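Dock chain H against the given chain Y, drawing on the hints supplied.
Chain order of the listed sequences is Y and H. Count along the first sequence starting at 1, add 53, and that's the number in the numbering used here. Count along the second sequence starting at 1, add 53, and that's the number in the numbering used here.
What the hints contain is simulated information worked out from the structure, not anything from laboratory work.
The list treats identical chains as interchangeable, and a pair is accepted whether it falls inside one copy or across any two copies.
With a Cα cut of at most 30 Å, we get these calculated DSS-like pairs of lysine-lysine:
1) K97 x K110
2) K145 x K97
3) K259 x K201
4) K216 x K164
5) K219 x K259
6) K97 x K166
7) K259 x K216
8) K145 x K267
9) K199 x K216
10) K199 x K166
All values reported here derive from a predicted model rather than from experimental measurement.
Chain by chain, the residues:
Protein chains: 2
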Amino acid sequence: MNRIEVCFSPGEYHLYEADFQLVVVLDVLRATSAICTAMEYGLKEIIPVASVEEARKLQSEGYLAAAERGGQIVEGFDMGNSPFSYMEPALKGKSVVLTTTNGTKAINMAKDKETVVIGSLNNLDALCHWLIRQRRDILVLGSGWKDKFNLEDTICAGAIADKCLKSGRFFADEDSTVAAKFIYRSARDNMFAFLKASSHRRRLRKLNLNEDVKYCLTPNNCSAIPVLENGSLVRMNQETVEAATL
Amino acid sequence: MNRIEVCFSPGEYHLYEADFQLVVVLDVLRATSAICTAMEYGLKEIIPVASVEEARKLQSEGYLAAAERGGQIVEGFDMGNSPFSYMEPALKGKSVVLTTTNGTKAINMAKDKETVVIGSLNNLDALCHWLIRQRRDILVLGSGWKDKFNLEDTICAGAIADKCLKSGRFFADEDSTVAAKFIYRSARDNMFAFLKASSHRRRLRKLNLNEDVKYCLTPNNCSAIPVLENGSLVRMNQETVEAATL
Chain Y
54 MNRIEVCFSP GEYHLYEADF QLVVVLDVLR ATSAICTAME YGLKEIIPVA
104 SVEEARKLQS EGYLAAAERG GQIVEGFDMG NSPFSYMEPA LKGKSVVLTT
154 TNGTKAINMA KDKETVVIGS LNNLDALCHW LIRQRRDILV LGSGWKDKFN
204 LEDTICAGAI ADKCLKSGRF FADEDSTVAA KFIYRSARDN MFAFLKASSH
254 RRRLRKLNLN EDVKYCLTPN NCSAIPVLEN GSLVRMNQET VEAATL
Chain H
54 MNRIEVCFSP GEYHLYEADF QLVVVLDVLR ATSAICTAME YGLKEIIPVA
104 SVEEARKLQS EGYLAAAERG GQIVEGFDMG NSPFSYMEPA LKGKSVVLTT
154 TNGTKAINMA KDKETVVIGS LNNLDALCHW LIRQRRDILV LGSGWKDKFN
204 LEDTICAGAI ADKCLKSGRF FADEDSTVAA KFIYRSARDN MFAFLKASSH
254 RRRLRKLNLN EDVKYCLTPN NCSAIPVLEN GSLVRMNQET VEAATL
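Chain Y with its partners taken away, still in its complex shape (with noise of 0.2 Å):
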């Protein structure tokens, strides 16, 4: 048996991570959305980094590069986090540096462990799917909001827990992974309704964004897994994802 635990946000992942070398990395809104829904549409790689500045210093030596802060797009940028942006053909086999308020801070906290992989509720069942058949205990991180627990990332977080649990490989300890597969449950049948309330869709929802919202809440519109490769995010290559077996 493996073990698969729950972290709510960069804040308290240091309470977290000491057992655990593959982390799976959540920004539902938008972030991680983003990086899914960029690697499904054939970007070559995206490069996170965690300052504005090191996304101006790239972009200044001739980087295509995104930045988010506070929901918007940072002035001096033609993107932020929305995934509908990186639908673009131009897009293509181009590499793209990412910068946004939370997302790209928690990858790079994680950045040392052995396998970093990239989650949403785009790729879930793809996710879960190769998650089950690693044989190694998972930790999944959110990125939440400055630190703080959010919703959204929290359903994600406990969708992939039950899946997994569910294949009856992996036991929890943690009661952040309890509650997490607990308000997933709660939430499934109508994301869009139970986050009403979440403080994150309030401040999309005035920023305009609600079709952003709609389609990071929409499951398994992508099967694409990216995954941290020295420094960058690609999508995991299709012989990687079938080498695991049960």
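Okay, now just chain H, sitting in the frame of chain Y:
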């Protein structure tokens, strides 16, 4: 309108505390349940200290002292944090020094606030009745387990938030508060069963403390509201309780 929010554990207190001068501290299993019970049964005061060393020092100076770590009474002490210990008639009017794994840490963390009160399921209605009449912003702080989220404190925090929000005099902004309220509503009809998966209940079951758990999960068997005054927890006097009017 005033604001009420839930902070899951001491590790996140710095993210939430800035806006609040009234903090409710919870450690349902078992420190704050024991403290409410102690006040109900007529103890004069409980002096919460963070470390076993401090408790030993005060014990050597002649204080009655209680210490719990990892669910068990620490060697050299006669009591830990079982509520039943504090029902003892011989303790009436006495002072007791107390240190516990999580609860006294959380209490000490909040001690610079204008008002620190102690909550549990045991004094739920009495506490909420008073809180609703304060016209102040309220932070409900769970003691968690070694800085991690726990289910039992979250259920109790959700109960307090739910009752205060229902009064129509409060609003909540944080996702943690929404989640706590939601978990409480799902758990309230059978908390003992709901908590069967919780890590701390499993810990206490191993220690044969199921009777303690049942007691701690019984709402409204106490009406005392313990309040921190000059470093001691004392029962809020009846005049102060009644002075609060809508």
